[in-house]
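Quick note, the sequences are listed as chains D and V, same order. If you count the first sequence from 1, position 194 lands on 194 in the working numbering, and the numbers rise without skipping. All you need for the working numbering is the position in the second sequence, starting with 1, plus 260.
Because the hints were derived from the structure by calculation, they are not lab data. All C-beta atoms in this analysis are idealised placements derived from N, C-alpha and C, irrespective of residue type, glycine included. The reader is advised that the hints may include incorrect statements.
Here are the simulated lysine-lysine pairs, DSS-like style, with alpha carbons at most 30 Å apart [as the list claims (entries may be wrong)]:
{"hint": "1", "chain 1": "D", "residue 1": "Lys101", "chain 2": "V", "residue 2": "Lys299"}
{"hint": "2", "chain 1": "D", "residue 1": "Lys206", "chain 2": "D", "residue 2": "Lys164"}
{"hint": "3", "chain 1": "V", "residue 1": "Lys311", "chain 2": "V", "residue 2": "Lys299"}
{"hint": "4", "chain 1": "D", "residue 1": "Lys156", "chain 2": "V", "residue 2": "Lys299"}
{"hint": "5", "chain 1": "V", "residue 1": "Lys311", "chain 2": "D", "residue 2": "Lys156"}
{"hint": "6", "chain 1": "D", "residue 1": "Lys53", "chain 2": "D", "residue 2": "Lys206"}
{"hint": "7", "chain 1": "D", "residue 1": "Lys53", "chain 2": "D", "residue 2": "Lys228"}
Counterexamples of contact, computed for chain D against chain V with all Cβ distances above 10 Å [what the hints assert, rightly or not]:
{"hint": "8", "residue": "Thr108"}
{"hint": "9", "residue": "Gly229"}
{"hint": "10", "residue": "Ala238"}
{"hint": "11", "residue": "Tyr242"}
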Amino acid sequence: MMRSRMCLVIVVAAAFLTACGSAAGTPSASPSGTPLSGTVSVFAASSLTDSFKALGSSFQAAHPGITVQFNFAGTPTLVTQIEQGAQADVLASADPTNMDKLTADGFTAGAAQVFAHNQLEIVVGPGNPMHISGLADLARPGVIYIAEAATVPAGKYSLQALAKAGVSVTPKSLETDVKAVVSKIELGEADAGIVYSTDVKAAGTKVQGVSIPAADNVVATYPIVAVKGTKNSAAANAFILYVRSSTGQSTLESFGFLHG
Amino acid sequence: MRRQSVPLIIAVLATVGIAFFVLPLLGLLLRAPWGDAGKSLTAPETREALKLSLVASLSATGIAVVLGVPMAWIYARVDFPGRSVLRALTTLPMVLPPVVGGIALFLAFGRRGLLGSWLESAFGITLPFTTAGVIMAETFVAMPFLVLTVEAGLRSMDRRYEEAARTLGASRWRVLTRVTLPLIGPSLFAGAILCWARALGEFGATITFAGNFPGITQTMPLAVYLLLETNQAASFILSLVLLLISLVVLIALRDRWLGSA
Chain D
1 MMRSRMCLVI VVAAAFLTAC GSAAGTPSAS PSGTPLSGTV SVFAASSLTD SFKALGSSFQ
61 AAHPGITVQF NFAGTPTLVT QIEQGAQADV LASADPTNMD KLTADGFTAG AAQVFAHNQL
121 EIVVGPGNPM HISGLADLAR PGVIYIAEAA TVPAGKYSLQ ALAKAGVSVT PKSLETDVKA
181 VVSKIELGEA DAGIVYSTDV KAAGTKVQGV SIPAADNVVA TYPIVAVKGT KNSAAANAFI
241 LYVRSSTGQS TLESFGFLHG
Chain V
261 MRRQSVPLII AVLATVGIAF FVLPLLGLLL RAPWGDAGKS LTAPETREAL KLSLVASLSA
321 TGIAVVLGVP MAWIYARVDF PGRSVLRALT TLPMVLPPVV GGIALFLAFG RRGLLGSWLE
381 SAFGITLPFT TAGVIMAETF VAMPFLVLTV EAGLRSMDRR YEEAARTLGA SRWRVLTRVT
441 LPLIGPSLFA GAILCWARAL GEFGATITFA GNFPGITQTM PLAVYLLLET NQAASFILSL
501 VLLLISLVVL IALRDRWLGS A
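Could you build the full structure based on these sequences and the hints that come with them?
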C-alpha cells in the first residue's frame, strides 16, 4: 500500500516535470521543413476575441507547423501579465497608451504597428427595452448603465465620448473588460453599456446596438507588436504580417473593424 | 529524543511542496513597498475597500450564523430521505468555481432571475450591483464552511447533557440556549471565523454578481486585482493585509483542526 502510493507520487512528479519540459522545449519540426514552426502565444485585447480566433485558424491553415495560442483579456491585464513574466510572443492592444507603457518598460521588440480601428456603440438588450436612443439616455433615472474600468481602453474611450456629448453619468459597475459588459447586458442585469461596434456585432441577436454620432464617437486604434524575448520571433513576426496582410484585414473587416 | 528518520524521497518532495507555498508569500513580503505602506493603506480607495470588505464579510458571517446553525442542526439531528443529497447541494459552493456561483446567483436573484424578477416587480428591489449583492455573494460562498463545522460539532457532542437537562424539566428552548449552544461554542466560533475569512477573500462570485464599483461593491480582493494594473504598490500592500488576516485565522484555528484529531 505504502509502496504503491509512493510510486504514484513519483509518477505524478515525473509527469509534472515532463510537462514543464515540453512546454519550454524546442519547437516541433514542421513536415515541410519550413523554418516556421512551434507555438506562437498571442495576447490580445478582449475586443479581438472572435476576430483573432478566426485569424488564428486561417493562419494555422496557412502554416501547418505553427500552433497559435491565445490569451484574451482587458489590455491592462495583458500588459501586467507580460511585465510579470508571462510567456507572450505577440501583444495586440486596444489602445496605444497601454502599448506605449509596455514599450517604455522595455518589453517590446521593434515598433508597434497599427492594424485596425474600431468605434464605440451603445449596447442594449434585444428590442431596446429602455428605449435608449443616445448617450444622454444613459443618465436617465432608472437606467442601469455599466462601464469598463478607466484603465481598460474601452472604459477610457467611453469617458471621452460621454465628455464630448456633455453627459455626466455614474456607472453601476466598472467591469474589467468589454466582454463582461456585453454579457451582463445579455443576462438582462444591466440596461446599457458603451462597447465597441465589433462587440455588438459579435453578440449577434442577443444584444442590440445604438449608434453614437461621429461627433461624439471615439476611434479606437489597435497596435500590435512582438514581445521582447520571444522564443519564436520568426513565427511571431509572421503572425503580425498576416494580421496586417490583405487577407487578415478583410477578416478583421468582416468582424466590423475599420481598416488599419 | 531521536526523531524518526525521513526517507530521502519524501524529504525532497515535501521540500518542493513547502517551497511552492512559501516562495509566493516570501515574494510578497520582499517586494512589498514598505515605505509606501502607510500611504497605500490610508488612500481613499483602499480605505473604502477595507471598510466595505469588513462590513460585507461581517454581515455575511452574521447571516451565516442565523441561517447556518439551524441548517447544521437539521443535518446533524434529523434523519430524512435525501439528507446527504441536500447537504451536498447546500455545501456545493465550497468546491464550485466562485464565478459559476455568481452566474447561478444571477439566475436566481438577478433581475431576470427566478426570485429576483419577482423582487423587482413586487418591491422594486434589485440586488446585482449593490452592497446587498456583495453580501449575498459572500454568504453563498462562505456559509457552507460554517454549516459543516457546526454540524461536526453537533455530531460529536455528548447528547446525554441535553437529555439530563430535559429530564430535569428544562424547556427545549432552554436546553438549546443553555446546553447545546454552549457545548458547540468552539465549533460555532471556528465555523464563524472560517466563514468570515472565506467571505473576506471572496472574489469571483462578487465581481460576477455584484460588479465592481468603489465604495459600493469593490471589496479588497477586487481592489487588489484592479490596483495591480494601476498602482502595484497599493496592490501589494493590500494583498499583504489579506494574507496577514488569513494567516492569523489559520494559526488560531490550528488546534481545532489538528489538535482534536
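- Item | 30 Å Cα cutoff - pair Lys101(D), Lys299(V) | 24 Å, holds
- Keeping to a limit of 30 Å between CA atoms, is the pair of Lys53(D) and Lys206(D) held or broken? Holds, at roughly 20 Å.
- Taken at face value, is the distance from the CA of Lys299(V) to the CA of Lys156(D) at most 30 Å? 26 Å, holds
- Message: Just want to verify: Tyr242(D) was marked as not at the interface with chain V; is every Cβ pair farther apart than 10 Å?
- Response: 29 Å, holds
- Item | Lys53(D) paired with Lys228(D) [C-alpha distance capped at 30 Å] | 23 Å, holds
- Item | Non-interface claim for Ala238(D) versus chain V (Cβ beyond 10 Å) | 30 Å, holds
- For the pair supplied as a hint, Lys311(V) and Lys299(V), confirm whether the alpha-carbon distance does not exceed 30 Å. It holds: about 16 Å lies between the C-alpha atoms, which stays within 30 Å.
- Is the nearest CB of chain V more than 10 Å from the CB of Gly229(D)? 21 Å, holds
- Pairwise hint evaluation, Lys156(D) against Lys311(V), where the allowed Cα distance is 30 Å at most: 27 Å, holds
- Query: When you look at the beta carbon of Thr108(D), is every beta carbon of chain V farther off than 10 Å?
  - Reply: 18 Å, holds
- Task: Verify the proposed pairing of Lys206(D) with Lys164(D), using a straight-line Cα cut of 30 Å.
- Result: With a Cα-Cα distance of about 29 Å, the restraint between Lys206(D) and Lys164(D) holds, given a limit of 30 Å.
This entry satisfies every hint, going by the numbered hints stated previously.
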